[in-house]
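Chain by chain, the residues run as shown.
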Amino acid sequence: MHYYLDFERPVAELEDKIEELRRLADGRDMNITTEIKKLEKKARDLRADIFSKITPWQRTLIARHPERPYTLDYIDLLMQDFVELHGDRRFSDDPAIVAGFARLGDMPVAVIGHQKGRSTKERIERNFGQPHPEGYRKALRIMKLAERLGKPIITLIDTPGAYPGIGAEERGQAEAIATNLQDMFTLKTPIISVVIGEGGSGGALALSVADRIIMLEHAVYSVISPEGCAAILWNKNGSTVGRKEYENASDALKITAQDLYGLGIIDEIIPEPLGGAHRNQKETAASLAEALKRHLADLIDKPDDILLEERYIKFRLIGELEEAP
Amino acid sequence: MAWFKKEKSKITKKVKVPEGLWVKCNSCKEIIYRKEVDKNLKVCPKCNYHFRISARERMSLLADSGTFVEIGQNLTSTDPLDFKDQITYKERLKESEKKTNIKEAATAGHALIGNRPVMLIVLDFSFMGGSMGSVVGEKFVMAAEKAAEDFIPLISVTSSGGARMHEGIVSLMQMAKTSASVSRLKETGLPYISILTDPTFGGVSASFAMLGDIIIAEPKSLIGFAGPRVIEQTIKQQLPENFQTAEFLLQHGMIDMIVNRKDLKDTVIKLLSLTTGGNKSPQSEHE
Chain A
153 MHYYLDFERP VAELEDKIEE LRRLADGRDM NITTEIKKLE KKARDLRADI
203 FSKITPWQRT LIARHPERPY TLDYIDLLMQ DFVELHGDRR FSDDPAIVAG
253 FARLGDMPVA VIGHQKGRST KERIERNFGQ PHPEGYRKAL RIMKLAERLG
303 KPIITLIDTP GAYPGIGAEE RGQAEAIATN LQDMFTLKTP IISVVIGEGG
353 SGGALALSVA DRIIMLEHAV YSVISPEGCA AILWNKNGST VGRKEYENAS
403 DALKITAQDL YGLGIIDEII PEPLGGAHRN QKETAASLAE ALKRHLADLI
453 DKPDDILLEE RYIKFRLIGE LEEAP
Chain B
24 MAWFKKEKSK ITKKVKVPEG LWVKCNSCKE IIYRKEVDKN LKVCPKCNYH
74 FRISARERMS LLADSGTFVE IGQNLTSTDP LDFKDQITYK ERLKESEKKT
124 NIKEAATAGH ALIGNRPVML IVLDFSFMGG SMGSVVGEKF VMAAEKAAED
174 FIPLISVTSS GGARMHEGIV SLMQMAKTSA SVSRLKETGL PYISILTDPT
224 FGGVSASFAM LGDIIIAEPK SLIGFAGPRV IEQTIKQQLP ENFQTAEFLL
274 QHGMIDMIVN RKDLKDTVIK LLSLTTGGNK SPQSEHE
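Chains A and B, in that order, are what the protein sequence lines are. FYI, in our numbering the residues of the first sequence are 153 to 477. FYI, in our numbering the residues of the second sequence are 24 to 310.
No lab work stands behind these hints, which were simulated from the structure alone. Among the clues, some could well be false.
Below 25 Å or equal to it, Euclidean Cα-Cα: the simulated BS3-like pairs (lysine-lysine) are [stated by the list, open to error]:
#1 A:454 to A:296
#2 A:454 to B:209
#3 B:52 to B:62
#4 B:209 to A:296
#5 A:396 to B:209
#6 A:396 to B:107
#7 A:303 to A:273
#8 B:259 to A:273
#9 A:340 to B:209
#10 B:169 to B:52
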C-alpha cells in the first residue's frame with residue numbers, strides 16, 4: 153500500500169478500485185482484465201493531469217513524502233562498497249548526517265548527506281534529519297579527508313533545517329554552519345551537491361557549497377519553510393495560518409527546482425518518475441547516477457586553482473541588485 | 024514553580040530608544056531621562072543595557088572623525104522574486120528607506136580607527152531587521168575584497184535577525200558568498216574582527232559574523248542561530264537563564280570577549296596594533 157497525499161486522493165481511489173478488481177479477477181476473467189487496463193490508463197492520465205498542475209506547496213509535500221528515498225537509499229542504489237564513518241572527534245556522532253566513502257561506478261568518492269528516519273523510532277534517532285553542530289563538524293572532517301586523499305565529494309541534501317535546540321546553541325550551531333561555508337570554498341577537490349528532498353535553509357546550505365548544484369524535480373530549497381514564512385508574513389492579526397497561507401508563502405518564496413533553475417542558482421534538474429521519486433526509486437537513482445558521472449567527468453581534471461576560482465565566482469555572482477542614481 | 028508566582032517572559036523585547044523625553048530600559052525597566060541615555064552612548068546608566076544604535080551612530084563611535092568613505096552607497100535590491108505578502112517587497116524597501124533615512128541595512132566603507140586604515144561594515148537593525156539580502160551580501164564582499172586588495176583589516180558590526188526572506192534563496196546564498204570572501208581574506212594574513220551587537224541571529228550569525236578571527240560582543244546582546252521563540256516552540260521547555268546572551272556565548276567558548284560600548288574603540292585600536300604590521304611577514308606574499 154502506498155501513502156497518498158491529499159491532492160492525490162482521486163488517483164488513490166482509482167488505484168484502490170483497480171486493486172480490488174485484480175483480486176476478484178485473479179487473472180482469468182478477460183472482461184475484467186480489459187476493464188483493469190482501461191482503469192490503469194485512466195489512473196495514469198489522472199496522475200499526469202494532477203502532476204502537470206502541481207503547486208510549489210504540493211511539491212514541498214512530495215519533497216517530504218514519507219516514502220521518498222533518503223540519503224542511505226540513494227547510496228545503496230547509486231554506489232558500491234559504502235563504508236560509513238562516524239563522529240566529529242569533538243563531542244559526538246550525529247545520526248542526522250551520514251558520511252563515508254563509497255564507489256560511484258569505478259570512482260571512489262566521499263559521500264555525505266542528511267538522513268531522515270523511516271520508522272518512528274528511527275525518525276527520533278535521526279532527529280528528523282535536523283543536524284546538531286557535531287553533524288556539520290563530522291561532515292567537514294570527512295570533506296577535508298577527501299580533499300587530502302584526492303577524492304571528489306558528493307553531498308545529498310534532505311533536511312528541514314539545522315536543529316533549533318539548547319545543546320545546538322551551546323555548542324555553536326551558527327559557528328559550525330559558518331565554518332563549513334567558509335572552508336568548503338578552500339577544498340581542492342570537486343564537490344557536487346544534490347538536493348534530493350528538502351533543502352532547509354542554512355542547515356542545507358552548510359553541505360551544499362559546491363561546484364555543481366543539482367535538484368531532483370520535486371525537491372525544494374528555501375531560506376525558510378513555507379510554514380515559517382507564512383507564520384511571520386501572513387499572520388498579521390494573530391489569525392492562524394493554514395494550507396492557503398502555506399500555498400501563498402511557497403509561491404512567493406520561489407522554492408522549487410524549476411524556480412531555482414530559472415534564478416540561475418542550480419545547474420540541473422533531474423526528472424522524477426510520474427508521482428515522485430518514491431514511485432520508482434531505481435529509475436530516479438539511474439538518472440541521478442548518469443548526471444553525477446557526467447559532472448564528475450567534467451570536474452575531475454580541473455586544476456585546483458581553476459576549480460576554486462570557479463567555485464568562488466559561482467557564488468560571488470549571486471545577488472540581484474542595481475546602482476541607484 | 025509556586026502557583027502565585029507570575030511567570031516572567033524569557034523573551035524580552037528590545038527596541039531602539041524611542042522618541043520622547045523619557046525612556047524605559049528594556050532590561051531593568053527603569054524610567055530614565057532620555058538625554059542621560061544619549062550622553063551615555065545609549066547605554067542604560069542603571070543596568071548597563073546597551074540599546075540598539077543606528078549604523079551612522081556606530082560609525083561615528085568607531086571611526087576617527089571625518090575619515091569614513093562609503094562604498095556601494097547607492098546599491099539597491101532589484102527584488103529577484105517579485106515578492107509580495109501583504110505589501111510588495113519594493114514598497115517595504117521604500118518604507119524602510121523613508122523610516123531610517125538609509126538605503127539598505129548595511130553601510131560599508133573605508134575608515135581610520137586610531138589612525139589605522141580598515142574596511143568597516145555595519146548593519147542597522149532598524150532597516151528590515153538588519154536582514155541580509157543581495158545588497159548586504161554584496162557590500163560585505165566588496166568590503167572584504169577591498170580589505171584584501173589594500174591589505175588592511177576588516178571589521179564588521181552586526182545587528183540582524185538573519186537572512187531576508189523576501190529575497191528567498193538569493194538571500195540564503197549570500198551566506199555562502201560572504202563566507203567565501205572571509206575565506207579569501209584569511210588567506211592574506213589579515214585579521215578579521217567581528218563585533219556582535221544585539222541581536223545577531225540566523226543567516227548572519229551562521230555566516231560571516233561567527234567567522235571573525237576575533238569576536239567581540241556588547242554586554243547582554245542576544246546572539247544565536249535559531250531565535251529563542253523557535254527553540255521554545257520546538258523543545259517545549261523553558262530556556263535557561265541567560266540563554267543566547269553574550270555572556271552565555273563567552274562561557275561556552277563561542278566569542279573572545281565582551282566589551283562595553285565606551286571601551287569598544289580603544290579595544291579595537293589595541294587589537295589592530297597587536298595583529299597588524301608585525302615583525303614576521305604574514306602568511307601571504309604581499310609586499
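Now the hints, each set against the structure:
| no. | hint | verdict |
| --- | --- | --- |
| 1 | A:454 to A:296 | 18 Å, holds |
| 2 | A:454 to B:209 | 24 Å, holds |
| 3 | B:52 to B:62 | 19 Å, holds |
| 4 | B:209 to A:296 | 18 Å, holds |
| 5 | A:396 to B:209 | 47 Å, violated |
| 6 | A:396 to B:107 | 15 Å, holds |
| 7 | A:303 to A:273 | 34 Å, violated |
| 8 | B:259 to A:273 | 20 Å, holds |
| 9 | A:340 to B:209 | 16 Å, holds |
| 10 | B:169 to B:52 | 43 Å, violated |
Figure legend: structure checked against the earlier numbered hints; hints not met, in rising order: 5, 7, 10.
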